[in-house]
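If you read the protein sequences in the order shown, they are chains D and Y.
According to the working numbering, numbering within the first sequence proceeds without interruption in unit steps and concludes at 315.
According to the working numbering, numbering within the second sequence proceeds without interruption in unit steps and concludes at 196.
Heads up, a few of these hints could be off.
[Stated by the list, open to error] For lysine to aspartate or glutamate, the following EDC-like pairs were computed, each having C-alpha atoms within a straight-line distance of at most 16 angstroms:
| id | chain 1 | residue 1 | chain 2 | residue 2 |
| --- | --- | --- | --- | --- |
| 1 | D | 35 | D | 51 |
| 2 | D | 35 | D | 61 |
| 3 | D | 36 | Y | 26 |
| 4 | D | 36 | Y | 135 |
| 5 | Y | 164 | Y | 26 |
| 6 | D | 65 | D | 33 |
| 7 | D | 77 | D | 52 |
| 8 | D | 36 | D | 61 |
| 9 | D | 65 | Y | 135 |
| 10 | Y | 43 | Y | 72 |
| 11 | D | 36 | D | 52 |
| 12 | D | 35 | Y | 131 |
| 13 | D | 35 | Y | 135 |
| 14 | D | 36 | D | 15 |
| 15 | Y | 43 | Y | 135 |
[Stated by the list, open to error] Rough simulated footprint, nothing fancy, chain D against chain Y, three-plus residues with beta-carbon under 8 angstroms:
| id | region |
| --- | --- |
| 16 | 79 to 86 |
| 17 | 99 to 105 |
Keep in mind that the hints were calculated from the coordinates and are not lab data.
C-beta: ideal position from N, C-alpha, C; glycine also.
Take a look at the letters that make up each chain.
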Amino acid sequence: MNRHLLSSADLTRDDVRMLLATASEMHEVQHRDVKKLPTLRGRTVINLFFEDSTRTRSSFEIAGKWMSADTINITGKGSSASKGESLRDTVRTIDAMSVDAIVIRHMASGAAHQVSQWVDASVINAGDGTHEHPTQALLDAYTIEQRLGDLDGARVAIVGDLTHSRVFRSNAITLRTLGAHVTLVAPPTLMPSGIASWAAADGLELTDDLDAVLASGPDAVMMLRVQRERMSGGFFPTAREYTVGFGLTRERLRALSDANPEAVICHPGPMNRGLEISADAADAAQSLVLDQVSAGVAVRMSVLYHLLAGEGAVA
Amino acid sequence: MTRADTTVPPGHPLDPSGRTVLSASDVSRALRRIAHEILEHNKGADHLVLLGIPSRGVELAHRLADLVREVEGTEVPVGSLDITMHRDDLRHQPTRAPMHTTIPPGGIDDKVVVLVDDVLYSGRTIRAALDALSDLGRPRAVRLAVLVDRGHRELPIRADHVGKNLPTSHSEKVQVRLAGHDGGEDVVRIAGGDAR
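Using the sequences and the accompanying hints, generate a full structural model.
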């Protein structure tokens with residue numbers, strides 16, 4: 001595996017399989033009384049978050065702490081960045097303190113990649129703009145496999161705002177890496193430009209007909225968050241209209257379980273209940289939303305372990 | 001370790017680089033004796049838990065449990081204890097994938113835990129196992145059973161039950177193959193080093 005985790009595309013199928021297998025062993029630690037492993041003792045992990053986050057940041061922090069790394073959180077608001085320091089100066093300052101890993105979330109696409117060229121530490125992309133969020137894709141794959149078994153050959157639909165979704169980009173890549181069939185569902189206004197050529201090259205299906213996809217009985221349906229903070233561009237007329245066309249409503253939940261009683265539902269969170277997902281769907285037995293959060297810690301432990309524990313990891 | 005360049009797969013009976021030190025029946029006799037020793041030492045099978053260290057230790061722990069059942073008619077809980085995350089040489093090796101830790105439903109608190117491994121060498125694996133164990137509970141006592149003790153300890157650790165003491169040199173490699181794990185017949189071989 002690479003020294004950094006910047007994009008899901010950097011991970012081979014073997015890498016993903018190894019990360020998920022380790023995550024499964026780490027998941028067991030979560031159920032112990034003493035949730036502590038000495039594995040990363042003496043390592044320092046900086047969580048550098050320029051965007052808000054609950055689950056990603058806290059799960060990276062918990063993951064590091066359970067493996068005995070020292071984890072420190074820096075947010076954009078409370079740091080020198082708010083005094084006008086450039087990203088380059090901020091990360092080089094942090095790197096000068098000899099940290100082992102920088103987990104970064106930034107509003108600019110490509111920020112993690114850029115940072116990896118400025119520092120000696122391992123860089124983990126925890127979300128860069130509308131580009132990628134590789135650990136989310138790993139934990140989604142992990143969660144679905146825990147319930148359904150191997151994703152090879154499984155059919156997964158990803159539904160919602162594809163244009164602004166880094167979760168979708170990483171997920172589509174990782175799911176394809178694992179051999180799943182991926183169908184992308186979005187209103188034409190929220191299909192990213194150029195998606196057709198990517199879809200053709202990587203074997204992704206494109207459609208704007210959610211009902212037809214649900215009726216075909218996919219194994220998993222991944223709902224994406226409608227990112228209200230990025231919705232100023234008039235992508236759809238009203239929230240109500242979005243729900244009618246692309247929300248996982250009670251009726252659609254029923255249609256899905258009629259077509260495939262085993263089908264599961266994922267959402268990366270935070271959910272807009274009543275907009276892209278109804279309360280019935282979010283709290284249904286098929287919903288893996290809380291399993292995803294629980295898996296987040298195990299998957300991030302696995303990532304930190306493989307990047308930081310072994311020989312050749314930065315000292 | 002260097003192995004003679006040959007088309008015979010390593011571990012095969014015709015592999016010229018190794019010599020057999022324990023045959024299948026030797027292994028079976030040694031395990032039977034260890035099972036008896038454990039029971040004798042513990043005065044029966046009460047409170048016993050067998051924890052194998054992956055991967056071959058787990059297979060051995062299951063075999064010992066079968067033998068205890070034969071002798072005593074009691075079911076002894078068996079688990080596995082992975083020590084990867086507790087190793088002291090993580091930084092000196094490529095990253096290893098951790099293996100299963102399974103603690104039997106009764107837990108290990110106030111139990112007599114017998115750690116089971118195939119080869120005892122530097123003692124560092126057992127040191128790591130003792131650390132891993134302390135995160136999982138507080139056994140009444142911890143004992144160690146190994147199929148082969150090859151010497152060269154680097155820590156003050158010894159085994160309570162040993163299948164076979166094998167004097168070896170550092171340059172040699174002790175190779176354990178178990179029917180349930182590697183296929184073929186049980187065998188312990190020494191390979192490499194100077195001809196002896």
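Taking the hints in turn, this is what the structure says about them:
1. Straight-line distance between C-alpha atoms of residue 35 of chain D and residue 51 of chain D comes to about 28 angstroms, which puts the hinted pair past the 16 angstroms bound.
2. For the hint linking residue 35 of chain D to residue 61 of chain D, the alpha-carbon distance of about 13 angstroms falls within 16 angstroms, and the restraint holds.
3. For a cut-off of 16 angstroms, the pair hint linking residue 36 of chain D to residue 26 of chain Y is broken: about 41 angstroms separates their Cα positions.
4. Pair hint residue 36 of chain D plus residue 135 of chain Y holds up; C-alpha atoms about 7 angstroms apart against a cutoff of 16 angstroms.
5. Restraint check for residue 164 of chain Y and residue 26 of chain Y: the C-alpha separation of about 9 angstroms stays at or below 16 angstroms, so the hint holds.
6. With a CA separation close to 15 angstroms, the supplied pair residue 65 of chain D and residue 33 of chain D stays within the 16 angstroms bound.
7. For the given pair, residue 77 of chain D sits about 10 angstroms from residue 52 of chain D by alpha-carbon distance, which is consistent with the 16 angstroms threshold.
8. Taking the CA atoms of residue 36 of chain D and residue 61 of chain D, the gap is near 13 angstroms; set against the 16 angstroms cutoff, the hint holds.
9. Of the pairs offered as hints, the one joining residue 65 of chain D and residue 135 of chain Y holds, with about 15 angstroms between alpha carbons and a cut-off of 16 angstroms not exceeded.
10. Between the alpha carbons of residue 43 of chain Y and residue 72 of chain Y the distance comes to roughly 11 angstroms, so the proposed pair stays at or under 16 angstroms and holds.
11. Under the criterion of a C-alpha separation no larger than 16 angstroms, the hint pairing residue 36 of chain D with residue 52 of chain D is inconsistent with the structure, at around 27 angstroms.
12. For the suggested pair residue 35 of chain D and residue 131 of chain Y, the alpha carbons sit about 13 angstroms apart, so the restraint of at most 16 angstroms is met.
13. Using a Cα cut-off of 16 angstroms, the hinted pair residue 35 of chain D and residue 135 of chain Y holds, with the two alpha carbons roughly 8 angstroms apart.
14. Between residue 36 of chain D and residue 15 of chain D, the direct Cα distance comes to roughly 25 angstroms. Violation of the 16 angstroms bound is thereby established for this hinted pair.
15. For a cut-off of 16 angstroms, the pair hint linking residue 43 of chain Y to residue 135 of chain Y is broken: about 27 angstroms separates their Cα positions.
16. Taking a C-beta to C-beta cut-off of 8 angstroms, the region 79 to 86 of chain Y contributes 3 residues in contact with chain D, enough for the three needed, and the coverage statement holds.
17. Only when three residues or more bring their CB closer than 8 angstroms to a CB of chain D does the claim for the region 99 to 105 of chain Y stand; here the count is 3, and the claim holds.
Figure legend: structure checked against the earlier numbered hints; hints not met, in rising order: 1, 3, 11, 14 and 15.
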